[in-house]
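Colleague: So you can see what is in the structure, the chains are spelled out below.
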Amino acid sequence: MSDITLNTAAAGVPEAAPRSAPLTQLGLVGWMRANLFSSWLNTAVTLLLAYLIIRWAVGFIEWGIVNAIWSVPNNQTQACRDLKGTGACWAVITEKHRFMLFGTYPYEEHWRPALVCLLFIGLYVVSAMRRFWRWELAIIWAAVLSVIGVLMWGGILGLSYVPQERWGGLPITLILATFGLAFAFPLAILVALGRRSSLPAIKVLCVMYVELIRGVPLISLLFMASVMFPLFLPEGMNIDKLLRAQIAIILFAAAYLAEVVRGGLQALPKGQYEAADALGLSYWQKTGFIILPQALRLVIPPLVNTFIGFFKDTSLVLIIGIFDLLTAGKTAIIEPAWQGFGVEVYVTIGAIYFVFCFAMSKYSQGLEAELNRHRRR
Amino acid sequence: MSQTTNDPRLLRAPPKRPIRLSWSDERVRGIVWQLLVVGIVGGIVWWLWSNTVHNLEVRRIATGFGFLGREAGLPIAEHLIDYNPTDTYFRALLVGLLNTLKVAVVGIVLATILGTLIGIARLSKNWLLSRIAGVYVEVIRDLPLLLQLLFWYAVLQGLPGPRQALNPVDGVFLSNRGLKLPWIEWESAHSWALLAFVAGAVATWLYRRAARAAQMQDGQPRRVWPVALGLLLVLPVAVWWVLGAPWTPDMPALRGFNFQGGVNISPEYFALLLGLVLYTAGFIAEIVRAGILAVAHGQWEAAQALGLKPTQVLNQIVLPQALRVIIPPMTSQFLNLTKNSSLAVAIGYQDIVSIANTTLNQTGQAIEGIAIIMLVYLTISLSISLFMNWYNARIALVER
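Residue numbers (the working numbering), protein chains in the order written: chain A, 1281 to 1657; chain X, 81 to 480.
Treat the hints as calculated values from the structure; they're not laboratory data.
The model shown is predicted, which means the values in this text are computed figures rather than measured ones.
C-beta atoms are modelled at their ideal positions from N, C-alpha and C, and glycine is treated no differently.
Please note: incorrect hints may appear among the correct ones.
Which chain X residues stay away from chain A? Per the calculated CB distances, all over 10 Å, these [as the list claims (entries may be wrong)]: (1) 162; (2) 163; (3) 170; (4) 189; (5) 282; (6) 313; (7) 325; (8) 339; (9) 379; (10) 380; (11) 382; (12) 391; (13) 398; (14) 400; (15) 405; (16) 473.
Cβ-to-Cβ under 8 Å is the rule here; a few derived chain X residues that face chain A [claimed, not checked]: (17) 138; (18) 440; (19) 450.
Restricting the straight-line Cα-Cα distance to at most 27 Å, the calculated cross-link-like pairs of lysine-lysine (DSS-like) are [said to hold, decoys possible]: (20) X:96 / A:1566; (21) A:1550 / X:96; (22) A:1364 / A:1610; (23) X:389 / A:1642; (24) A:1483 / X:205; (25) A:1566 / A:1483; (26) A:1566 / A:1642; (27) X:389 / X:205; (28) A:1566 / A:1550; (29) A:1521 / A:1610.
With these hints in hand, go ahead and build the complete structure from the sequences.
Modeller: Following this line, the structure appears as structure tokens:
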């Protein structure tokens, strides 16, 4: 725009052409004046922050790249120790990354958990696309989850059997999160409906469940799963530790998801309920065809946020000694040769968690904008 | 009832039908469903309960809280009340509870302050500042809290030992043994001054209330700050002065292999507090931002048009409205912080969960140990939500 104006001005009709804004108001300079240096205080803040960022960035690059050691020959970490914290010892990652990702899974079979991780990611991507939101998606989930089970356990199709105690790392995190949500979600819907029910006994049960679970930390449920659960079962019956933790996570997640779903049920106008009643639909018809499709659509963004929370919370199984991604990282640096390189390991694991959570968070924001498009004009 | 009411809608209410024993009767269906669900849940609970009783008998575990009176024999590094390993389990758990409260209360205060600052920074007109605040919120919320705690603990563990401790300001030492700060030798005069401060705070609050009531009567604003200054600052200092003004600074100093004197913040507590505050502040920042954005722009403009000063606009118009949006989600963040403090067990800070866990490992009283943890957190959760609900009701919009 401004180019055209300037060109006409140069063509020799100065009084007719509108003058362009002064250069200080335009382009990069104008933007900086408005957003970075609009007042003395703003200028001071900008300069201080810029100084801090540059200093921090330079320090980080020096630590992480310039002074870093990327590999050391057979566990000789003396070179790393000589840095005395002035440089990162990425050698610990080079040495231990397979262990951090897949735990104690047999080394030559690592392609199986790797494939499982890819399958999980593929499943998330497909589920995230709106064009696949239909009933067939449930079948895809069932199919993919069974393939994942086959890959992890093996024992058939020529795959060697790998007992559950040897599973570990990223697949465990993804299994806990995915199975947890797959089972918690239907339970959450039932509990949310129960909490809105007009039947007093069902309502009381659901309220008690939700408030009890939400009032205690996840750790106490995980402790319960690890030390108390064996007492609950008849003698001789034993449930694997991973499954017990999974049950605790499902029960925990369901209480929180139920509150999110309840929010959607409450946000739906009363007319929808009354119209469905007026049509003579039964309770389950009303709920399945009229209420849930609308209510769930309303709460998709908060649901995704809750999912992010649970993805992060699966790391708590570290406390009861289940081998997820974080536990694998913590175990990797127990070996005396690698002790003291926790910062490098946690930064790497943090990056993995961040990729997953950031993708979900951006997706949730995009979805929220898309679903709210009819409200914006 | 129908004779006393004049509401025509009630007069036209449908007549009560007698219950028919048929599936088409809604009430019968309701009763059957309830019996079914309660029966199933009750059955499961009874099954689990009978298994548990049987298992306890087989394993010869005595139930009950009798173990609380036995000698604990577990060392606790940090305690707010006197404690030594020969004390009872009850006292050990009490120490743990106080440790939990210590980190939760300090954490809530600091996280609220930091979160509010970051939330306001996100709304700043300064692009760089708002961008940095945005990146902070995004990054901190996308990393598991446990990972952050382990990270901070690893950072603190990686600090140099006491001999090469970082010494940014005179009297402050940061080493892998924790943070050392100077303190004063506590004497009774200090306690009295503290008491005077608390009394002054109560009196200030009462005076402010009276001043507000008087302003409602005659419209004249009264100055509160001179009274507040006198009661909150001059009075405690005067009490301290009258009692002899004792002031002996207690500076930490390196003796042998560790520091003597001063006040010590252990690396475990420091890492836990740092992790909890930084993490929760990320969430609080979003709540504060949403709360401020929820106040319509016209409110700012109308207040300015009335000629109110900027501080008055903020204090009397914007904040009361923003708080209504902020308080409910803030409550759940406070609850989250308290519950998340149970992650202390992963980095070795001895909070209630850690001590109850050790107790149940030592005594084998799994059910009682977990019951204690749950009871404590349920009580704390309930107290915080009751208090916040009361506060929320107080500031809620009074509608017609």
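Colleague: Could you work out which of the previously given hints the structure breaks and list their numbers from low to high?
Modeller: 23, 24, 26
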